Amino acid sequence: MRRTPIRRELVMLVGGTVALVLVAFLVPLLLVMRTISADDTVIDTAVVTQPLVVAVAGEEPAVVGSSVRDLNLRHVGDFSVRYSDGAVLGPYFARTPAVRLAERGQSLSTEVDGGREVLIAVVTREGGTAVIRAYLSQGRLYEGIWPALTALTLLGVLLLGLGVAVASVLATLLARPIREVADVSRRLASGDLSARARGGGAVELVDVAGALNFLARRIGALVTGERERIADLSHRLRTPLTALRLEADLLTDDGERARLNRAVDAVETTVTEAIAAVRAAGRERGTSDASAVVAERIEFWKPLTHAEDRPMTTRTAARPLPVAAPAAELRDVFDVLVSNVFRHTPPRTAFTVELVPRDGGGAVLTVDDEGPGLPDTRLIRRGRSGGGSSGLGLDIVRRLAENSGGALELGRSPAGGARIRIELGPPAEDR
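Position 66 (the sequence shown) corresponds to 66 in UniProt numbering; numbering is contiguous.
Worth flagging that the hints you see were computed from the coordinates, not collected in a lab. Careful, some of the hints might be misleading.
With beta-carbon atoms standing in for the labels, derived distance ranges [said to hold, decoys possible]:
#: 1; residue 1: Gly286; residue 2: Ala407; range: 37 to 43 Å
#: 2; residue 1: Arg104; residue 2: Arg69; range: 26 to 32 Å
#: 3; residue 1: Ala243; residue 2: Leu215; range: 39 to 45 Å
Keep in mind it's a predicted model, so treat the numbers as computed, not measured. All residues carry an ideal CB built from backbone N, CA and C; glycine is no exception.
Just need the whole structure built from these sequences, with the hints factored in.
In C-alpha cells form, the structure reads like this:
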C-alpha cells in the first residue's frame with residue numbers, strides 16, 4: 001500500500017478545491033466578459049460610423065465614397081455602403097436576408113463567417129434606404145477581452161498559490177505533533193522509557209500525546225517494579241544458597257559433596273546472571289573504549305588463569321576503539337564470556353581473547369577456547385543452555401551487541417572448541 005505524507009494530501013486537497021472554485025467562478029465570468037467585449041466593440045463601431053451616416057443621408061455618392069475610403073483607412077474594419085439601386089461603395093457585400101431586413105429601415109448586427117457585421121439603415125435625401133455595413137473580425141470583436149483575461153489568469157494563479165501556501169503551513173502545523181508522537185512511540189519501542197510527547201496542535205492530538213505519555217509512565221512503573229522484584233528475589237536467594245553450601249561442606253562423602261556443590265554453583269550462576277540482566281536492562285545507553293575495558297578485564301582474570309593453569313592468549317588493538325556500549329556492561333559481558341570458559345571446559349584448557357577494529361567503526365571481540373565446543377549454536381536464545389546454566393549470560397551478551405548496533409555469533413574455534421564473536425557498533429556520532 002502506497003503511503004502519502006499528510007502534508008502532501010492536504011496541499012493537494014486544498015489546491016484542488018481552490019482550483020475548482022476558481023474554475024467555477026472564472027469561466028462564467030470570462031463568458032460574460034466575452035459578451036460585454038463584443039457588445040462594446042459593436043457600440044464603438046456604431047459611434048465611429050456616425051459621420052458616415054450623416055454623409056449618406058445628405059451627400060452625393062461621390063462624397064460618400066470618399067468618406068468610406070477614409071474610414072477604412074483610419075479604422076480596422078471593412079466599411080461599405082449599399083444603396084437601394086444596388087450600387088455598393090467600398091468592399092462588396094451580398095444582399096443577404098439581414099441586409100434586406102436593414103433595407104426596410106431596421107438597423108441590426110448579426111453573426112457571419114469569421115466575425116460579425118453591423119448593418120445601419122439610413123434614409124437618403126432621395127427618400128430611399130441605404131445600408132451601411134461594418135464587418136468586424138473575431139480578433140477585432142474580442143480584442144478588449146485579452147487584458148482582462150490576462151489579469152484574471154494572473155489573479156487565479158495568485159489565489160491558487162496563496163491557497164496552496166496556506167494549506168502547506170496548516171499541514172506542517174498539523175503534521176508536526178503527529179510526527180512527534182510517532183517519534184516518541186519509536187523511542188519507547190526501542191526501550192527509552194524517558195521519552196515524552198510535548199503535545200500541541202488540535203485538541204485530539206493533545207489527547208493522543210497525553211494518552212501516550214500516560215502509557216509511557218505506566219510502562220516505566222511496571223518495568224521498574226519488575227526489575228525490583230527480580231533483583232529482590234535474586235538477592236534473597238543468596239542467603240539460603242550460602243547456607244546450603246555450608247551444609248554441603250559438612251558432608252563426609254566426597255562424591256555427594258562435589259555433586260551438591262556443582263548444583264549450588266549452577267543455581268548461584270543463575271542468580272548472578274539474573275542480577276546482571278536486571279542491572280543491564282536498567283542502565284542508560286552510553287559509550288566506552290573497548291580497548292581499555294578489555295585490557296582491564298584481562299589483567300583482572302590473569303591471576304585466576306595462572307592459578308588454574310589455563311593458558312590465555314590475548315590479541316588486542318593498540319589504539320582506542322570507541323563502541324556504543326557502557327563500560328560497566330562491557331565488563332559484565334567480558335566476565336560472562338571468560339567465566340563460560342572456566343565453567344564449561346576442563347581444567348588447563350587454553351583460550352584466546354582477541355579484540356580488533358570493526359569495519360565501519362566499533363570493535364569485534366572474539367573468545368576462542370580449545371574445549372569440547374558448544375552443544376548447540378542456538379544458545380543465544382534466552383533460557384537455553386547446554387551446560388546447566390540458565391542461558392541468561394549469553395542473552396546479556398546478545399542484547400549488548402544488538403543494542404550497540406552489532407550482533408552475536410556462535411561457532412567453532414580453529415582448535416575445535418567454542419567461538420563466541422561479538423560485534424560492537426560505533427557510537428552514534430561516529431556512524
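Under the constraints set out in the numbered hints, which ones does this structure not fulfil?
1
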